[in-house]
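Using the sequences and the hints, build the whole thing.
The chain contents come next:
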Amino acid sequence: MHYIAGVTFREVSAGVAGAGETAPTDAELIRAHVDGDTGAFAELVRRHRDRLWAVALRTVGDREEAADAVQDALLNAHRNAARFRGDSAVTTWLHRIVVNACLDRIRRRQAHPTVPLPDGSHSDDRPTGPEPAAPLPDQDTVLVVRDALAALPTEQRAAIVLVDVQGYPVAEAAEMLGVAEGTVKSRCARGRARMAISLGYLRGGPGQAGNRGGRGSVPSESAAVVPLPNGHDRRDQR
Amino acid sequence: MTGAEFEGVDLDLLADYVGGALLGTPDEERVASLIADDPAWHAAFDELAPAMAAVGTTLLDLPPEPMPEGLAARLDAMFRPVPAGAPGESAEPVPAKVLDLAEHRRRRWASWAKPVAVAAGVLAFAGFGLTRFSSQSADDAQSTAAGSSVADAEGAPMVDTSLAQILHTDTDYGRASLGMPGAAEAGSPHVFTDPAAPGEENAAGKSALSPLFASNVLLDCLDMIARENAGGPLSVALVDYARFEGAPALIVQFTAANGGWTWAVGPDCGTRGAGAAALHKVPVR
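Quick mapping for you: the protein sequence lines, in order, are chains A and B. What the first sequence shows, in the working numbering, is residues 1 to 238, in sequence order. What the second sequence shows, in the working numbering, is residues 1 to 285, in sequence order.
The hints are simulated quantities; they were obtained by calculation from the structure and are not laboratory data. Glycine residues also receive a C-beta, built at the ideal position from the N, C-alpha and C atoms. Zero decoy hints are in this set.
Partial list, derived from the structure: chain A residues whose beta carbon lies under 7 Å from chain B:
{"hint": "1", "residue": "42"}
{"hint": "2", "residue": "49"}
{"hint": "3", "residue": "53"}
{"hint": "4", "residue": "145"}
{"hint": "5", "residue": "164"}
{"hint": "6", "residue": "165"}
{"hint": "7", "residue": "185"}
{"hint": "8", "residue": "201"}
If you want it as structure tokens, here you go:
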């Protein structure tokens, strides 16, 4: 139980109020923080930190870089909360800051290549280090998919992480990335196509013989055009 | 994109079409015509559309990645409210700048123990990213060479400081304020440095703690805390070079299997015969 600005509330997902108790909205928490409530921002962070972390980790692909990016981004948001005008959802704003922090780090990495670490080399664009994933029955598949994702160009990877991995609607991802919806669709589509090739999901594609994990076999029948997620199937959200 | 197997087909354009990026554009009709009239485009579409759908399903099935507890604890510490009456609470409790842990890790490899001065005049976090294993890696072989190596006999990491916040506040903690380390760190400006390279502000009061600026000694100290705590491996959230009831002390906040704790230990912590040199310890709720 937390007490912020005289309002009692439980830890709840955004927009889900506990029975008999009032859960401040994200916007209310931001306003409370700007007004000097020292506990409001911490509650906002607790509410969204897992999703922000997932986005950062998948985008930069390295746990330490992701931790730094999230930390930098949240400090930035903490300092600049007064500039938040409410044009978008608070979570969109937070994600945008985190994504920008991640992209900045990747760009810096590209601009200033570093000496490869003894525990594994990295290129300037691709994720730098091991990204241990949660245990899964088919860990090999997860690792292969993760590698294919990491091999994408940065902009495509960022779009796919938001839309295809985290399940955000294209419109919201566009706000987070600061680009047009069509650009997000294109980046996702081209990224998916690249991954289809690298994962061997195409008949006769380079990886067909090694369709690891046994997933993604291509149906023999022609498929209808596959739209990008519209947000209804978003998981792990709000 | 390679796509060499689809000769004569612009795979990026076809992917845009499949992904709906061309909706309402002149290219939509053009690509539709190519798919209808050109066998190569038709065949490529037949393959790419379901393959892209399969990729989408695969991505959606990736396991969730909850934030590591250590990072979550550090964020909690960064943004927690400043308790009324905490020592030196007059200033902004949230640091203005953090040390880049990933960059710091790379620098450590390039130049061990090279001082890393960070954001002069402001507070900083300094994670030095060491994890001690009984089977020593090249990373910490140097650190254990000089110290009385102590580690978990089963080879598990005893101390994880990869997400630790390193402070040099010189705060004088008491029994009441020990449970809120770091809350008062912004009371006066400091230059925060790698623990192996104390800044020049670390003068009289810090001299007694200077042995603990060396990473290997600090790790020995943390190892001793882990042993005496008897709660399994430690995940260290904060180390503050400070004072306790007026005497130089290292304040260590950590979590272990027996919960969250803050310990105040003396300058002899980790040295042979002194153990952790614990002065006081309080649970952190």
